[in-house]
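A.B. asks: For reference, the chains in residue letters:
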Amino acid sequence: MTAEEILNSLKAKFGDAIVEAKLDAPQPWIVVNPSRTKEIAFFLRDDPATRFDYMMCLSGVDYNNGKLGIVYHLFSMVHRHKIVLKAFCTKEQPHIQSVTSVWATANWHEREAFDMYGIVIDEHPDLRRILLPYDWEGHPLRKDYQVPEFYNGMKVPY
Amino acid sequence: MIETKSLPTQYASQPGPVQTSSGKTLRTDEMIINMGPQHPSTHGVLRLEIVVEGEIIIDVIPHIGYLHRCFEKHAEHMTNYQQVIPYCDRLDYCAAINDEHSYVLAVERMLKIELPERVEYIRVVMAELQRIASHLIAVGTFGIDAGAFTPFLYAFHDRELILDLFEMTCGARLLYNYFWIGGLSHDIPPQFVDKAKQFCTYFRPRIKEFNDLLTYNEIFVKRTANVGVLPKDVALNYASSGPMLRGSGINWDLRRDDPYSVYHKLQWEPQIGKGEMGTVGDVWDRHIVRMREMEVSLSIIEQALAALPEGNVQAAIPKRIRPDAGEVYARTETPRGELGFYVISDGSGTPFRVKARAPAFVNLSVLPAISRGCMIADLVLIAGSVDIVLGQVDR
Amino acid sequence: MGLLDQRFENGNVFVTSLENLLNWARLSSLYQMQFGLACCAIEMMAASASDFDIMRFGIIPRATPRQADVMFVAGTVTLKMASRIKRLYDQMAEPRYIISMGSCANCGGPYWEHGYHVLKGVDRVIPVDVYVPGCPPRPEALLEGIIKLQEKVRKESLVKKPA
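Heads up: the protein sequence lines correspond to chains A, B and C, in order. Once you know that position 24 of the first sequence is 24 in the numbering used here, the rest is easy, because the numbers rise by one and skip nothing. Residues are numbered in the numbering used here as their position in the second sequence, beginning at 1, plus a constant of 1000. Residues are numbered in the numbering used here as their position in the third sequence, beginning at 1, plus a constant of 2000.
For reference, chain A alone in the conformation it holds in the complex (with noise of 0.2 Å):
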């Protein structure tokens, strides 16, 4: 199926939580509603059509204009067609649905997504911080990230 395929379908069955699309990179993308990605996914996952069974790559990204997001990346053994979905929020309201019941391999993205930017995964089994200790204060991917001083009495900047 061609991305606009994709899209069309999206769009019968979800209506508004299609948000925008950009068809014309090489890689084209859709962005979805974040409090509405769990049953987008089950859709791209158990429609005979889309059948998108292997999750490549989740990224959380930092916009650096108050936008932070989340990208997935999928990719269908079957079909052998890929899609890329979006899901952004604002770093007041950082909150985004869970995956991890519709790609078992979202759960530790997700935690690394939580862990470097902050953002909330709801509905998420296990939201804990994965690469950073778990004392660990801030979220260093953001673009406005200061590096603390000490950690535990070790001086962290050389």
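Treat the hints as calculated values from the structure; they're not laboratory data. Note that CB positions come from ideal geometry on N, CA and C, so glycine has one too. One or more hints might be untrue.
The calculated lysine-lysine pairs, modelled on DSS-like cross-linking and capped at a C-alpha distance of 27 Å, are [unchecked claim]: (1) A:K82 - A:K22; (2) B:K1265 - A:K82; (3) B:K1232 - B:K1274; (4) A:K86 - A:K38; (5) A:K91 - A:K22; (6) A:K67 - A:K22; (7) A:K38 - A:K67; (8) B:K1232 - A:K82; (9) A:K38 - B:K1232; (10) A:K155 - A:K86; (11) A:K82 - B:K1112; (12) A:K155 - C:K2086; (13) B:K1197 - B:K1274; (14) A:K22 - B:K1112; (15) A:K13 - A:K86; (16) A:K86 - B:K1112; (17) A:K38 - A:K11.
Sample of chain A residues lacking proximity to chain B, with all beta carbon distances greater than 10 Å (derived) [stated by the list, open to error]: (18) S9; (19) D16; (20) F43; (21) D46; (22) D47; (23) Y151; (24) G153.
Computed list of chain C residues with no C-beta within reach of chain A, every gap over 10 Å [what the hints assert, rightly or not]: (25) V2013; (26) L2022; (27) Y2031; (28) M2055; (29) G2058; (30) V2070; (31) S2083; (32) G2108; (33) R2138; (34) E2156; (35) V2159.
Chain A is fixed; fit chains B and C onto it per the hints.
C.D. replies: Positioned in the frame of chain A, the structure of chains B and C alone reads:
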């Protein structure tokens, strides 16, 4: 004499209380054991919190992050895209060339560069040599996990010959900074082709010797067959890739199915696990997939060396690397699986966001699901068969 | 060894000081705590394999710090790992030596500038005896670091406490 329930080969995950022969019930309790960051067999600084009942594992909780080296932060602050390449090397330090290949592929797709044929063929030769070197580390240390020390010495001795080839070309043994965006840093020296061919003829019988020593050894087979079985649907749901996926019987290799470079011009077949010694998707299958992939890599190297065209490897290197604003996700098949780089460019010379999707990170998340119900000694082998490299897991 | 091969002409008797004997015994059998952090660990493994062979220096890997004399801090020390390294160092029995292998353990390495989670040099938490530079250092460089450590041990004194 304590009689336990007769357990199937994949042990029941909830063993329950034990009945003694006199009819009394022995109350058992859970214990949490810490296989801490310093451990001879965790292949790096990985902490596994194991909940056991007796010797049988109820749950495994991996704790990672002990090698988090802030790769993505560095990528955003480097002055240009070229300077990120040494950091990509250090992600999967056992297979540095394959990491570089993935990253330069992503940036070259954004820049829409046309590479000279010679560059592509040399890249394939280097990537496959690095694949053999990485698999040698994997199977050598896997032998140590199982208790066999000699295969480790055999593997590392052969690996030194490959590292000699790399050192002859670019001066480094482990972390190369060899693939540059649009080309290579050095052309191969004149004696490289002959020495590489000599290595291929030398190494083929050594794989057979290694198999006789370790892979078909009865003790090894008994320890690895039917252990840590990864079913196909679980593997896809957890987005496993590489030998983990192929060991479960799924015929999927990015070099053939999402082709890049010149792999589609060469004749080779991906190797999949067939459950020859036990169940499809057990630890032995993943091991034999790695051994057979080394042979396949040898044939790819020989074909690429035979078809190597002339050219200038630095002809297409751009003077200024400044992609247009946009984003790309590119993935390649590294020895551990699918390494993907998601690069966002904002039109300036520095990357806006570089996300490394590491195969070991994703493959490690399967570990709790496939190790419930096995014993602690089996867990060491299952963790070894996932073939993690903590630099990649923690980035 | 310079001590032994000159002395066996006189009927298998040699006279030395207790200090020299102890130092010679210690430097010839430095048991290594088997643990590696990052890329330098692969070069450490290559050094213990058959081509470079650190076992001929008397260095045998031991899994537990209680039985170890020397610890190679091979690789980047992160802030999460630093407290564990301190604990491992405390568990080693004296005399104990630390070889800091690689530029990440020496001074933070390539991650010195923007590494918010990287400890800029393991000597911020434990005292280091020998620094081996390189990224990663060749196995021969590690062997030279071991030889330097052996020279340091040879000069140790029983009466003066080590630093």
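A.B. asks: Is the Cβ of S9 of chain A farther than 10 Å from every Cβ of chain B?
C.D. replies: holds (22 Å)
A.B. asks: Compare the distance between the alpha carbons of K82 of chain A and K22 of chain A with 27 Å, and conclude whether the hinted pair is satisfied.
C.D. replies: OK: K82 of chain A and K22 of chain A at ~14 Å, within 27 Å.
A.B. asks: Take the C-alpha atoms of K67 of chain A and K22 of chain A, compute the straight-line distance between them, and say whether it is at most 27 Å.
C.D. replies: Between K67 of chain A and K22 of chain A the Cα gap is close to 18 Å, so the pair holds against 27 Å.
A.B. asks: Find the nearest Cβ of chain A to the Cβ of S2083 of chain C and say whether that gap is larger than 10 Å.
C.D. replies: Per Cβ check, S2083 of chain C is inside 10 Å of chain A; nearest 7 Å; violated.
A.B. asks: Is it the case that E2156 of chain C keeps its Cβ farther than 10 Å from each residue Cβ in chain A?
C.D. replies: Non-interface label stands for E2156 of chain C: nearest chain A Cβ at 30 Å, farther than 10 Å.
A.B. asks: Hinted pair, alpha-carbon criterion (27 Å max): K22 of chain A, K1112 of chain B. Please report holds or violated.
C.D. replies: This hinted pair holds, its Cα atoms lying about 20 Å apart.
A.B. asks: Would you assess whether Y151 of chain A, listed as outside the interface, keeps its beta-carbon beyond 10 Å of every beta-carbon in chain B?
C.D. replies: The assertion about Y151 of chain A holds, with a minimum of 13 Å to chain B.
A.B. asks: Taking C-beta pairs only, is G2108 of chain C more than 10 Å away from all of chain A?
C.D. replies: violated (6 Å)
A.B. asks: Taking the closest pair, is the beta carbon of V2159 of chain C still more than 10 Å from chain A?
C.D. replies: holds (34 Å)
A.B. asks: For K155 of chain A and K86 of chain A, compute the direct alpha-carbon distance and say whether it is at most 27 Å.
C.D. replies: With Cα atoms ~38 Å apart, K155 of chain A and K86 of chain A exceed 27 Å; violated.
A.B. asks: Please verify that the nearest CB of chain A lies beyond 10 Å from R2138 of chain C's CB.
C.D. replies: holds (26 Å)
A.B. asks: Need the status of pair K82 of chain A, K1112 of chain B: alpha-carbon distance at most 27 Å?
C.D. replies: Holds: K82 of chain A and K1112 of chain B sit about 20 Å apart, inside 27 Å.
Of the numbered hints stated above, those contradicted by the structure are hints 10, 13, 31, 32, listed in ascending order.
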